[in-house]
Amino acid sequence: MANPTKMRASLKDGVTEVRALMQHEMENGRRKDETGNIVPAWYITEFKVEHNGKVVLDGEFGTSVSKNPYLVFRIKGGKAGDKVSLSWVDNRGDKRFDEVEVG
Amino acid sequence: MHGRNFSSVDMGRRQALKESGSLGLLALFTLLGLVPGAAWAATNKAAFEAKTLSEALDALGGITPVDSALIKLTAPDIAENGATVPVTVESSLPRTQQISILVEKNPTILAASFNISEGLEGFITARIKMAQTSAVIVLVKADGKFYRASTEVKVTAGGC
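Going line by line, the protein sequences match chains A and B.
The numbers in numbering that gives the first Met the number 0 rise by one with no breaks, and the one at position 45 of the first sequence is 44.
The numbers in numbering that gives the first Met the number 0 rise by one with no breaks, and the one at position 100 of the second sequence is 99.
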């Protein structure tokens, strides 16, 4: 089971700024371990962000996104108590869904 | 003889129940949006496998982006650690729909692609890996047209 995405959504000047840290190794499939074997590619391929159940952002990752992908984005409007969720799926089919309230 | 018939009927019924059960669950998960692949944006595998800029532009539909001063791209001039290079893109282009981040000299050039809804500002920060000193290129799709901006990032220790 994947570790939870750390997320904070804060309202400022009519914009909800979200900072999200997904916890994932993001192996690019080219790195070798101590014994010289290639570590197989293992990375988040898609993610989706919803604001009160409506998709506001979605995207795809390749293998060049850093370990523990970190994103900052800004939702127009929003108010305290609104729900912001982030879900992702990786190339092994593992997935994660996390939700926070706008503070 | 009888017993055998019963058991085969029973097996069939169990199988049918099992299948309808899992189908029902799948339908429920799809409804709840818990099956990401199903309802999400069409994946653009070819673009993520592209090794050069021209391959990537072809995979994205043979696009020819034009330089735009309305895209503000912020990345460090010198990155000491290529494993985490912060990149911020701010697009003031009206109706920004998509932002893609590319690293010209990485083994695969496209790092990430974001679909921006109307409910989102044309702003994104992400952290990417860079194998070596390279141009970081940003493609922005706005009102159906493609625009670009780029900057050079010097990498002292590659992280790819």
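Some clues are possibly wrong.
[As the list claims (entries may be wrong)] Beta-carbon label-pair distances, calculated as ranges:
hint	chain 1	residue 1	chain 2	residue 2	range
1	B	G61	A	T34	22 to 32 Å
2	A	V38	B	S91	17 to 27 Å
3	B	T150	A	Q22	21 to 31 Å
4	B	E117	A	W41	42 to 52 Å
5	B	L92	A	D12	40 to 50 Å
6	B	I77	A	G92	34 to 44 Å
7	A	K5	B	A68	16 to 26 Å
8	B	K71	A	G52	28 to 38 Å
9	B	K71	A	G13	15 to 25 Å
Simulated from the structure, these hints should not be mistaken for laboratory data.
Yeah, the Cβ is synthetic: ideal placement off N, Cα and C, and Gly gets one too.
Hints broken by the structure, by number, lowest first? 1, 2, 4, 5, 7
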